[in-house]
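All chains, please: the whole structure from these sequences, using the hints.
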Amino acid sequence: MSQQTTGKRRQIKLSAYLVGTGMHVAGWRHSYAQPDASIDIDYYRKLAQTAERGKFDIAFIADSLAINEQSHPNILNRFEPITLITALACATTHIGVVATASTSYIEPFNLARLLLSADQISKGRVGWNIVTTRDLSGNTARNFGRDEHFEHSLRYRRAEEFLEVVQGLWDSWEDDAFVRNKESGQFFHKEKLHRLQHQGEFFSVEGPLNISRSRQGHPVLVQAGNSEAGQDFASRTAEVIFSIKHSKEEAQAFYQSFKGKAAKWGRAPEDIYILQGISPIIGDTEEDARAKLKQLEALITEEQGIGFLADYFQAIDFTGYTLESRAREVGLDRIKLNKTDYLKHQPVIARENPTLREVYSFLTGSFSGDHLVGTAEKIADTLEEWFTEQAADGFMLMAPLLPDGLELFVDLVVPILQQRGLFRTEYEGVTLREHFNLPLPRNRFTKATSH
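Just so you know, this note's numbering puts the end of the sequence shown at 451, numbered straight through with nothing missing.
Read the hints as simulated data drawn from the structure, not as lab findings.
Given the structure is predicted, the values throughout are model-derived calculations rather than measurements.
Wrong hints could be hidden among the right ones.
[Said to hold, decoys possible] DEER-style ranges, computed between Cβ atoms:
1. 198 with 294: 53 to 61 Å
2. 49 with 183: 38 to 46 Å
3. 77 with 176: 43 to 51 Å
4. 199 with 144: 17 to 25 Å
5. 265 with 331: 38 to 46 Å
6. 80 with 326: 39 to 47 Å
7. 29 with 284: 17 to 25 Å
8. 199 with 299: 49 to 57 Å
9. 384 with 204: 49 to 57 Å
10. 430 with 41: 21 to 29 Å
For each residue, glycine too, the CB sits at the ideal point set by N, CA and C.
Okay, here's the thing in structure tokens:
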């Protein structure tokens, strides 16, 4: 049930985005970084345990299904997400673990089984970040025996049916189906096992699934669609939303728009949680934080940065420019470009006239803007402002540098939020649904709501 119906004070929700040495593309070169972090399970366990020490709701693992020579170093060599969150669940006791999985490149039965197995192993702490897969490398389909990536609208039509099948399979067993009576020899109630018998546009799935519902019923559904189709899908289905907006005003507009969409589907807006992505740089002083940022940005090579931008903005000639050149010099504030990532960042590029080095960091997800560069007090003030003024229900910490950025946030920012009564001091439940005050999903095959 929601915080509103329980009378609890609304509190910030926190998720830690765990990816190797962090979001900064050159972070692996930093003196604090462990270059092989993305393939070290002990390293990931420590990250998850640090986030749990900070009472975070989620340890979040992203994914991609194809790479090329221009891919971020932390995704060139990394673990498969569901395998990884299962290992992290075994190294923690309370924090939720969320894995990204695509609806475009796996069968619903396989994914339903993988996620519910992880949910059982974690004792009800798993979430599924639903993606339809953006083909950033240009070769995803060819990794799966296809010539072409699914067209955008088709991907979302398929995703809707995919989710319907997965959730139906998760309800194959009623919660009290297994009696395991040694004396009578009855292992389960046959009438409480249900076949899905799905026949649709994309899938034909008989069922039942060979694993029962978990302590939290189903894994929590997370989604990060930015397009209209993605938001429409998420507003009908998702329970936690991941967004990245670089100003409070943009975030507020998205917050109101998305909650309005959800309300139109008959959903309670307060039962859907919007987490805004943040990449703070935390220092003892403002000057210290800016020095840290400058040190990170200096690790980006000219070849790497300008090469990326030339490939990204193909209509612009970057000859003669350096990473210290300003966005307006090359016309980045005026260019018309129908790319989701650019459209998301274009307002701040036009407003702040950043260097090309900073533009590179914007587009690769490793810089949030000046409002999140500073002391722990400044970061906490910003998060409180966004939270209380309905720009977010919580935040996805996308630390530019790991483990440093996560450790500083846990040790310095979290205590301030706790002192202000904005964030928990102890976990109140053990499942991911309990962390978000989400109801146990009703089993579609039973007449009464499951308990």
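Comparing the hints with the structure gives:
1. 198 with 294: 53 to 61 Å: 55 Å, holds
2. 49 with 183: 38 to 46 Å: 44 Å, holds
3. 77 with 176: 43 to 51 Å: Given range 43 to 51 Å: holds, Cβ gap about 45 Å.
4. 199 with 144: 17 to 25 Å: At roughly 23 Å between Cβ atoms, residue 144 and residue 199 fall inside 17 to 25 Å, so the hint holds.
5. 265 with 331: 38 to 46 Å: 41 Å, holds
6. 80 with 326: 39 to 47 Å: 41 Å, holds
7. 29 with 284: 17 to 25 Å: Since residue 29 and residue 284 have Cβ atoms about 23 Å apart, the given range 17 to 25 Å holds.
8. 199 with 299: 49 to 57 Å: 54 Å, holds
9. 384 with 204: 49 to 57 Å: 51 Å, holds
10. 430 with 41: 21 to 29 Å: 23 Å, holds
Comparing the model with each numbered hint stated earlier shows that all of them hold.
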